[in-house]
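**Q** Residue-level listing of the chains:
There are 2 protein chains.
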Amino acid sequence: MDYLGLDIGGTEVKAGVVDDQGRIVQSDRRASEPNDRTRLFETIAELIKSVSANRTPRAIGVGVPGLVSQNARVVDFAPNVRSLNLAPVSDLIAEISGLPSVVANDADMNAWGEFAVGAGTGTRHMACLTIGTGLGSGLIVNGRLYAGTRGYGAEAGHIVVQDDGRACGCGGRGCLETIVSATGIVAMAREGLERGVPTILRSMLENGTEGLSARMVLDAATLNDAFSMSIYTHTGRYLGIACASLINLLNLEMIIIGGGVSAAGEYLLGPAIGEAKSRTYRHTFESCQIVPAKIGSDAGIVGAALYAAKKYN
Amino acid sequence: MDYLGLDIGGTEVKAGVVDDQGRIVQSDRRASEPNDRTRLFETIAELIKSVSANRTPRAIGVGVPGLVSQNARVVDFAPNVRSLNLAPVSDLIAEISGLPSVVANDADMNAWGEFAVGAGTGTRHMACLTIGTGLGSGLIVNGRLYAGTRGYGAEAGHIVVQDDGRACGCGGRGCLETIVSATGIVAMAREGLERGVPTILRSMLENGTEGLSARMVLDAATLNDAFSMSIYTHTGRYLGIACASLINLLNLEMIIIGGGVSAAGEYLLGPAIGEAKSRTYRHTFESCQIVPAKIGSDAGIVGAALYAAKKYN
Chain A
479 MDYLGLDIGG TEVKAGVVDD QGRIVQSDRR ASEPNDRTRL FETIAELIKS
529 VSANRTPRAI GVGVPGLVSQ NARVVDFAPN VRSLNLAPVS DLIAEISGLP
579 SVVANDADMN AWGEFAVGAG TGTRHMACLT IGTGLGSGLI VNGRLYAGTR
629 GYGAEAGHIV VQDDGRACGC GGRGCLETIV SATGIVAMAR EGLERGVPTI
679 LRSMLENGTE GLSARMVLDA ATLNDAFSMS IYTHTGRYLG IACASLINLL
729 NLEMIIIGGG VSAAGEYLLG PAIGEAKSRT YRHTFESCQI VPAKIGSDAG
779 IVGAALYAAK KYN
Chain B
479 MDYLGLDIGG TEVKAGVVDD QGRIVQSDRR ASEPNDRTRL FETIAELIKS
529 VSANRTPRAI GVGVPGLVSQ NARVVDFAPN VRSLNLAPVS DLIAEISGLP
579 SVVANDADMN AWGEFAVGAG TGTRHMACLT IGTGLGSGLI VNGRLYAGTR
629 GYGAEAGHIV VQDDGRACGC GGRGCLETIV SATGIVAMAR EGLERGVPTI
679 LRSMLENGTE GLSARMVLDA ATLNDAFSMS IYTHTGRYLG IACASLINLL
729 NLEMIIIGGG VSAAGEYLLG PAIGEAKSRT YRHTFESCQI VPAKIGSDAG
779 IVGAALYAAK KYN
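Taken in sequence, the protein lines are chains A and B. So the first sequence is residues 479 to 791, counted in our numbering. So the second sequence is residues 479 to 791, counted in our numbering.
Chain A on its own, in the form it takes in the complex (with noise of 0.2 Å):
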């Protein structure tokens, strides 16, 4: 049996065919328009034709960015796509496609796929960390995706990390999307840059600090640029507090990291590692992995078609 997940996104919106074992049959993805609901759900009634023309999937899977009320099946908050909020999702899809459907978090769909096909296989307590340009988080507790009172659990995005770091989209100070983010780690490069630091980072820009990413300063980091590096350093050791604080509050068994930052791979995992175990009792970090994710940029299509498939098998 064939599942649908969608992956809506504030730049693109992904959609695949799913298999129940956790395989892409098929793919496609179109730019998004955050901010025209109409237009939105145009792209989506393509995309789910598209892949759907040569297999017929049973229920569709979504995952959005922002907060999903679990009662109402509706967006009550999505800051990047605007014309999500108090989207009654759910029955957008059924008059598209006809089919029953499930509307979730991305990072929680993200976390979902590695929990059932990914690095997360076999485990009970875990959280998966997705790292774009914020943060998203999911997590598993007993074996479910944790939804929290109102489904809104978990954003470990806004675990504060500086009490009094740099101001966030939530209204927050200090939280972890500030600075381990691809938002944060260019955050950081342009004061340096703008503080007159050496680095390669200025001759790889054109014009100022224009074009800047996260990428660059990661391509900078492994020509031993040593102020990339210190950024991803930085950035890693955040990640580590946090992993430290949810290991203490938790117990989990394991920690993912994924998205697209996560492709620094050990400049932020081994300075994360190490700073969790710094600040965690033995006993409780020895029972915790952290580890990069397995599925890649594809995690939240799995993961949403999967949820679905859990929910309409």
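Since the hints were made in silico from the structure, they are not lab data. Take these hints with a grain of salt, some might be off.
No copy labels: a pair is met if it fits in one copy or bridges any two.
[Unchecked claim] In silico SDA-like cross-links for lysine to any residue, where the CA-CA straight-line distance does not exceed 25 Å: (1) 755 to 564; (2) 755 to 519; (3) 789 to 704; (4) 755 to 642; (5) 772 to 749; (6) 788 to 627; (7) 755 to 552; (8) 788 to 602; (9) 788 to 670; (10) 755 to 647; (11) 772 to 684; (12) 755 to 533; (13) 789 to 620; (14) 772 to 647; (15) 527 to 703; (16) 772 to 627; (17) 527 to 669; (18) 527 to 690; (19) 755 to 547; (20) 789 to 622; (21) 788 to 621; (22) 755 to 563; (23) 789 to 602; (24) 788 to 620; (25) 755 to 649; (26) 755 to 548; (27) 755 to 554; (28) 789 to 621; (29) 755 to 641; (30) 755 to 627.
Following the hints, position chain B against chain A.
**A** Only chain B this time, still in chain A's reference frame:
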């Protein structure tokens, strides 16, 4: 049916026979011998005999200050009652009393008491923070005490709230309990006194900072001593930072604040609630209440007895 609750602390052991409504029908307490296992269990035997003279409990619940391995029924790590390290507490209790028992972390037992018959009745997802010498915590997830992979969760006292803060007993730095605890309050008061800050605390002390206590700082705050009030505001703010992390991470329905330090009431909760609100999404904040504990200093006995009742009813 009655159950017996034991609360083993670093300075004192408390015991009580509790009915299935959570009412204490008989209780007693003795000084503890934290580093002598034989003496400690002699004391426990006396207490069990004393409180069950007129009522016969069906089982015993035991709260201990440390990491309790859920499966092995062994205390893995109890830094403040060293004689409990690797002790098979259930077996020892059975030898003494002939009764079955359940052993758990003391703050988990406080949380269970508040969940079962205190401020948290009717909730599904809640945390209870017990602020005393340190900061212990318990977490209820889906109406069950959260244990984690090996039984160690939840240790909210070791959420990192200050990335470069004071050294903590766990080996880490800037953990919640380095600030939000009697120890943290006394440390902050002492630093101020040594810096020469104007405060009536000085006149309350006879010999330098000897005898300084969190209670004394609270007494001074209620006399409008600005320095002492600022200590509770600071402590409350960091409590609020931790609440924000808990709310964002777990979308909790309730956070209950108990333990001796919570006697400060609004001095602590006022700043905590304000800070938590400023660091969370409105939707998530509004679904969570931050409230004082209801049961008071016997929560450990009541919770342990009711936890035994749940297991052996």
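**Q** All the hints need checking, so say for each whether the structure fits it.
**A** To see whether the hints hold, each was checked on the structure:
1. Only between protomers do residue 755 and residue 564 lie at most 25 Å apart by alpha-carbon distance; the minimum there is 22 Å, versus 41 Å within a single protomer.
2. When the C-alpha separation of residue 755 and residue 519 is checked against a cutoff of 25 Å, the pair qualifies neither within a copy, at 46 Å, nor between copies, at 34 Å.
3. For the homomeric pair residue 789 and residue 704, neither the shortest alpha-carbon distance inside one copy (49 Å) nor that between copies (57 Å) is at most 25 Å.
4. Within a single copy, residue 755 and residue 642 get their C-alpha atoms as close as 24 Å, and across copies as close as 16 Å, so both meet the 25 Å cut-off.
5. Proximity of residue 772 and residue 749 under a CA criterion of 25 Å is satisfied intra-copy only: 20 Å inside one chain copy versus 43 Å between copies.
6. Taking identical chains as interchangeable, the C-alpha atoms of residue 788 and residue 627 lie at most 25 Å apart whether they share a chain (21 Å) or sit on different chains (23 Å).
7. In the homo-oligomer, the alpha carbons of residue 755 and residue 552 lie at most 25 Å apart only across protomers (23 Å), although the nearest pairing inside one protomer, at 40 Å, exceeds that limit.
8. For the identical chains of this complex, residue 788 and residue 602 are neighbours both inside a copy (16 Å) and across copies (23 Å), given an alpha-carbon limit of 25 Å.
9. In this homomeric assembly, residue 788 and residue 670 never come within 25 Å of each other (Cα to Cα): the closest approach is 47 Å inside a single copy and 58 Å across copies.
10. In the homo-oligomer, the alpha carbons of residue 755 and residue 647 lie at most 25 Å apart only across protomers (14 Å), although the nearest pairing inside one protomer, at 29 Å, exceeds that limit.
11. Proximity of residue 772 and residue 684 under a CA criterion of 25 Å is satisfied in neither setting, with 35 Å inside one chain copy and 63 Å between copies.
12. Taking the closest pair of Cα atoms, residue 755 and residue 533 never come within 25 Å of each other, the shortest separation being 47 Å inside a single copy and 48 Å across copies.
13. For the homomeric pair residue 789 and residue 620, the shortest alpha-carbon distances inside one copy (17 Å) and between copies (19 Å) are both at most 25 Å.
14. When the C-alpha separation of residue 772 and residue 647 is checked against a cutoff of 25 Å, the pair qualifies neither within a copy, at 29 Å, nor between copies, at 36 Å.
15. With identical chains, the CA atoms of residue 527 and residue 703 are never at most 25 Å apart, being 47 Å at best within one copy and 70 Å at best between copies.
16. In the homo-oligomer, the alpha carbons of residue 772 and residue 627 lie at most 25 Å apart only across protomers (22 Å), although the nearest pairing inside one protomer, at 30 Å, exceeds that limit.
17. Taking identical chains as interchangeable, the C-alpha atoms of residue 527 and residue 669 are never at most 25 Å apart, the minima being 46 Å within one chain and 68 Å between chains.
18. In this homomeric assembly, residue 527 and residue 690 never come within 25 Å of each other (Cα to Cα): the closest approach is 37 Å inside a single copy and 72 Å across copies.
19. Taking CA atoms no more than 25 Å apart as the test, residue 755 paired with residue 547 passes between copies only; the shortest distance there is 20 Å, against 35 Å inside one copy.
20. For a Cα distance limit of 25 Å, the shortest separation of residue 789 from residue 622 qualifies both inside one copy, at 12 Å, and across copies, at 23 Å.
21. Taking the closest pair of Cα atoms, residue 788 and residue 621 come within 25 Å of each other both inside a single copy (12 Å) and across two copies (23 Å).
22. Taking the shortest alpha-carbon separations for residue 755 and residue 563, only the inter-copy value of 21 Å comes in at or below 25 Å, while the best intra-copy value is 40 Å.
23. For a Cα distance limit of 25 Å, the shortest separation of residue 789 from residue 602 qualifies both inside one copy, at 19 Å, and across copies, at 22 Å.
24. In this homomeric assembly, residue 788 and residue 620 come within 25 Å of each other (Cα to Cα) both inside a single copy, at 15 Å, and across copies, at 19 Å.
25. In the homo-oligomer, the alpha carbons of residue 755 and residue 649 lie at most 25 Å apart only across protomers (9 Å), although the nearest pairing inside one protomer, at 30 Å, exceeds that limit.
26. When the C-alpha separation of residue 755 and residue 548 is checked against a cutoff of 25 Å, the pair qualifies only between copies, where the shortest distance is 22 Å, while the shortest distance within a copy is 35 Å.
27. Proximity of residue 755 and residue 554 under a CA criterion of 25 Å is satisfied inter-copy only: 18 Å between copies versus 37 Å inside one chain copy.
28. Both within a single protomer and between protomers do residue 789 and residue 621 lie at most 25 Å apart by alpha-carbon distance, with minima of 14 Å and 22 Å respectively.
29. In the homo-oligomer, the alpha carbons of residue 755 and residue 641 lie at most 25 Å apart both inside one protomer (21 Å) and across protomers (15 Å), since each shortest distance falls under that limit.
30. With identical chains, the CA atoms of residue 755 and residue 627 are at most 25 Å apart between copies only, with a shortest distance of 17 Å across copies and 31 Å within one.
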